[in-house]
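Model the placement of chains B and C on the given structure of chain A, informed by the hints.
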Amino acid sequence: MARYIFKRLLQSAVTILLVVTVVFLLLRLMPTDYYFTDEENIKLTDQQKLDRLQGAGLLDPPLTQLVRFYKQLFTEFDLGTSRRIQANQPVTKLIGDKAGVSMRLGLIALGISLVIGVVVGVLQARNKDGIIDHAGTAYTVFVNAVPSLVTYSLILAFGARVLGLPSMYSVRKPGPSAILPIICLSVGSIAGYMLWTRRYMVDELNKDYIRLAKLKGLSTSSVMYRHVLKNAFVPLAQYLPYSILLTVGGSLLVERFFSVPGLGPLLTDAIGRYDTNVVQGLVLLYATLGIIGVFLGDILMTLIDPRIRLTSKGGTR
Amino acid sequence: MKKLLSLVLALAMVLSMAVVTTASAAEITDLRSYETTSREMETFNIHSSQLANDLNVLVNCIDGLLTNDAKGALIGNAAKEWSTPDGGKTWTFVLNDGMTWVDKDGNVKADVVAEDWLTGLEWVLNFAKNASSNTSMPMEMIAGAAEYYAYTKQLTEEQGEEAAKALTIADKFAEMVKVTAPDAKTITYECVDALTYFPSVATYNCLYPLSAKLIEEVGVDGYQGITWENLWYSGAYTITSYIHQNEKVLTANPNYWNADGVKRFNTVTIKMVEGGDVAYQLFQTGELDHVSLTQANLSTIYNSTSNEFHGNLVEARPTKYSYQIHLVYDKNNEDGTKDTNWNTAVANKNFRLAWYYGLDLTDYLARTNAINPQACQNYCYTGNAVAVNSQGVDYTQLVRDELGLQYDAEKYNRTDADKAAQYKAAAIEELTAKGVTFPVEIDYYIKGDSQVALDSAQTLKQIFSDCLGDDFVTLNILTYVSSQTNEVRKPQLASIYINGWGADFADPINFLGQETYGEDNAYYSMNYSMCNNATDEDLIATYKEFTRLTNEAKAITDDNDARYAAFAKAEAYFLQNALAIPCNYEVAWELTCINPYSKVYSAYGIQTYRYVNWETNDQIYTTDEVAALKAAYEAN
Amino acid sequence: MDLTEKTVSELEAPVVDMDVDRSAVDSNIDKKYNRGRVHVHARAMMPEKQLFSYAEYRAQEAERIGYSQYSYWKSVWRNFLKKKAAVIMSLVFLALFLFTFVAGAIGKYDVYNLRIDNSLMFISPNSEFWFGTDNMGRDYWAQVWCATRTSIMLAVSVSLGQIALGVLIGLVWGYVRKLDSFFTNLYNLIDNVPTIIYMTLIALMLGKTTLIMGVAMIGFGWLATARNVRNLVFMYRDREYNLASRCLGTSIWRILARNIFPYLVSVIILRLALAIPGTIAYETTLTYLGLMDISTPSLGILLRNARSYFLDYPYLLIFPAAIVSIITITFYLVGNAFSDACDPRNHV
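Protein chains in written order, with the working numbering: chain A, 452 to 768; chain B, 908 to 1543; chain C, 262 to 609.
Quick caveat, the hints were computed from the structure, so don't treat them as lab data.
Where a beta carbon is used, it is the ideal one built from N, C-alpha and C, also for glycine.
The reader is advised that the hints may include incorrect statements.
[What the hints assert, rightly or not] As a list, the in silico PhoX-like pairs of lysine-lysine whose alpha-carbon atoms are at most 20 angstroms apart: (1) B/1060 with A/500; (2) A/500 with A/522; (3) B/1170 with B/987; (4) B/1060 with B/1085; (5) B/1397 with A/500; (6) C/335 with C/345; (7) B/1060 with B/1245; (8) B/1397 with B/1170; (9) B/1245 with B/1341; (10) B/1011 with B/1120; (11) C/439 with A/458; (12) C/344 with A/579.
[Said to hold, decoys possible] Partner residues are not named here, just some residues of chain C that face chain B (Cβ under 7 angstroms, in silico): (13) 396; (14) 566; (15) 569.
Bound-form chain A, shown alone:
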């Protein structure tokens, strides 16, 4: 097991480096004029632009820049400074400041969706083809049928106009102003957890050992919770670490809509402003979280369900 973990970690590190390198080089493929705003393109002479790029070290050959990037990263854990998101601020600080906000909202939303999703999913499975089951399915279908852009707009409009909830997230008074963003964050994942809890529960209910347990005379609830739910939760648990870690990343649309100062919109903003250092930093973060998340998920699964062995199966990802 230890050997397997070591090997997986090594592989993960290689993958992360590969991902970051590819993105780094892709960013260097872009024409340098993109580094300037239209206003700057109007006001600066070509010479001035060259001067600036030179000053920022952007005119060196990409490989030189790459080596410099990794050297700084490994020696000082320095991802460089932002160019335009917050000029000359260290990328690590910028990301650090925002990650906390995203994570707080994300974890609350994750907790809520997990509780509601699993509970409703269990109820659905217990009353299969009953009213709750159909209502739950209808909800899942509805959430998936309406594009999230529209769902969020509706929640925003309804919450703000009818319920009078704050339509903008306030860092100083997060209480009520966090309600609508959290609802938006939860709507989709509640549907996800409901769907999969129900799915795995139903699968599990049909297995022979459950039938045996019932015939043996165990009470329904005991069967449900001690056997079915426990087993049905294993595949869900595999994705928990991944979900928890990625709450750091935030949600692009939700954070944009409610002005949440989180990481969600940062990536697109940074790409749009050609803030290469920020993009690189975020890619490094996302890739690391994603890979570690999957890895932890696999480990967690083996802990919950001793029947699962990673070593013989081999990682699929």
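Chains B and C alone, transformed into the frame defined by chain A:
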């Protein structure tokens, strides 16, 4: 002590009540404003910033030499008086007493001294420190500035960044750049030439002060990446809270030198919102004190008499931008060959004049102002309120007198169907003889993801078709992905551009100088119209005549009235030959608790967003109230 | 159900991107066991006499040969037709798609010649403008149907491309051991970076015409399918009959096509059914982020634009949103029904 305190409090109450009784309604003490998230600040370094997003905030934090009043006139700020002994070549500014630098909490850090302006300019011009941001104006205007910039750049290349970063005003700067501080309260600039408009440059951030002691405290690298927390403030407000993409709070600077001279808010809170709709929602729930209306909101409010805001619609004041249809005289096809059909056609004066007299842009104006499109009509190249002569007549009025055109709230005034038809017929005849095929294709590029731009372009296409006829021209709407410069301008693919130009300083040369023939710093000629590559003799002659007229006007430095009159002649010549075609101004609609006629108004520079001397009302202003305020403002 | 959320950002609800293959396979299991369970219950309640009875001898029956005219696709079709809801919805969808071609003709305005008229803006649906007018006074009917057609065609071609590429790569990935680490790395490389970054870079560097963005969506959309297919191939590759077949000298492609591919049909169909609405939702998000070409109306563009107006003029949102919902629900139901029907274990 307690007694004294209560006495003071009681006195304060009486005083404040007196204020209340004199004013018609209570004023807002804590302003709540907003900005869209795409316009977030990018830096707190006022010397390197070139973005309105930053400057709109920072201009409240640091006082420049001069500022503007609600009428747009120059008034003193850090400087109490300014003068030129030699008709504009040398300018002397004398500072106010008692100015201090404070930290974000208002603790005094240092005195503001004349040398701070030298330190500031050194920073701007030092290549290693400021990477050539904001250098264009000082390098063009201040003696020795360009040389100093070149020197620092060379030094950076030869001896590395650190050597150049270590420079201070005591080094080469002192001997090279002709800026001096004879005493702690006086600053003298020597210009390259007699520049009568130089004081208006003193409102700009390239001439803002910087305390050498701040640099001592945070270092050169520290000031490059300065944050609101360690910035030093000398202006009316300090930033007391800043959350990226969420909210910033400006608080009245407790140690402001001019606390008694200007009216300030206690705090100004600027919320970052996703878009105009969210802002409107916040306004409705009473969380904002003003909101600019989106087209949908505006039409809903306007069309429904029962709407709660129906009586509150206010037309905002025009922005400083003057939009033109720029014609391109050297256009390429996509394969890189010359588009001779277009190039030949556009060089023909009749062809251009058919546009000038034919295009009724009312529907296009309605894109910016659906209710009152004619408020956006623009017949001049130079923007409004850039220059005013000694009789108080705006420069654009002089141009319009030359052209014989006036603003008319009822109709679009430039069109003349008969003339347009004549010019069109003449153009078709002359150009057919030269082998031009009709209709002439006009390639017009917009940003590919902007629905607003697409809607406007389609409006324009319809106008061209309706006003000029499909047998004459057709407008092709084409798109670029992200950079107009790279994808369209450099390969010279567009036939026309519609661009707005806002002045940097108060003189028509700032506009007309961009269009001259054969001059390197004529921005539009060099980058957009490419008139220097034109081959048509008549066109070149026209351009040369315009350039001669402009330079003649530019040479007049002793008499502003004569200077403006001469510029107006040059501009009228430019327009009567339709070398570019004036398009529109921006005038939007808003709901507001702020008297728009009390705000700083400036057609140039960065001072517009200073939150000082604003008159406010805790109730939303009604349309009638603002009309009365406007009348009072104009009568004044 | 990995539709909308996944497309917004892979980060928001990773849980929904679990393996759809499971659901496909599992739903079949589900049904089978259900049948079994009903029998058990029924039996338990019935008295013994009814449970057992003597079979009478019939000469005809005895003569019958145990041969059925089984045809795979016929059975699929028959099973599919049993799902009434799915059949009705697919007819509705078909009608909707065909209608997009007719709608332009029966409408009063031609989508390519819409006039801008400020005096007509924001008119609610009436007899002249069946779906009302937009912010520029243009007929909304013509735009909605044109957008529907564009979006469906884009979604169908992108989804087909994604699935085709995904199946192909998945088969090779699963079957050729030597390439496993290559594909795993490629997968990681793409999967661990938010796709939005690749899409933005492509849009900026190559342009954002519908063709380019469509190809890019295919280029980054095959991952899930490929992983699914690869895992299934893993399961079936080394079954005894395949080993036997290989020993007898059957070519790899024949084994893939004849022995393994049929097991994948139901998964593929389900993936395809979910990919179509997924693509439409993804397009909406890309449009919101400004990464799509907007010169021809699409549902994504209409939805994005309607966002600014829907509080005052809800019809601008309702029409395109309703159409997107119909498409999504249709493919959800049809996909499930069809993949059930495709599973030979459900065939009689």
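Consistency of the hints with the structure:
no.: 1; hint: B/1060 with A/500; verdict: holds (13 angstroms)
no.: 2; hint: A/500 with A/522; verdict: violated (27 angstroms)
no.: 3; hint: B/1170 with B/987; verdict: holds (18 angstroms)
no.: 4; hint: B/1060 with B/1085; verdict: holds (19 angstroms)
no.: 5; hint: B/1397 with A/500; verdict: holds (15 angstroms)
no.: 6; hint: C/335 with C/345; verdict: holds (17 angstroms)
no.: 7; hint: B/1060 with B/1245; verdict: violated (38 angstroms)
no.: 8; hint: B/1397 with B/1170; verdict: violated (48 angstroms)
no.: 9; hint: B/1245 with B/1341; verdict: holds (16 angstroms)
no.: 10; hint: B/1011 with B/1120; verdict: holds (16 angstroms)
no.: 11; hint: C/439 with A/458; verdict: holds (19 angstroms)
no.: 12; hint: C/344 with A/579; verdict: holds (18 angstroms)
no.: 13; hint: 396; verdict: holds (6 angstroms)
no.: 14; hint: 566; verdict: holds (6 angstroms)
no.: 15; hint: 569; verdict: holds (5 angstroms)
Comparing the model with each numbered hint stated earlier shows that hints 2, 7 and 8 do not hold.
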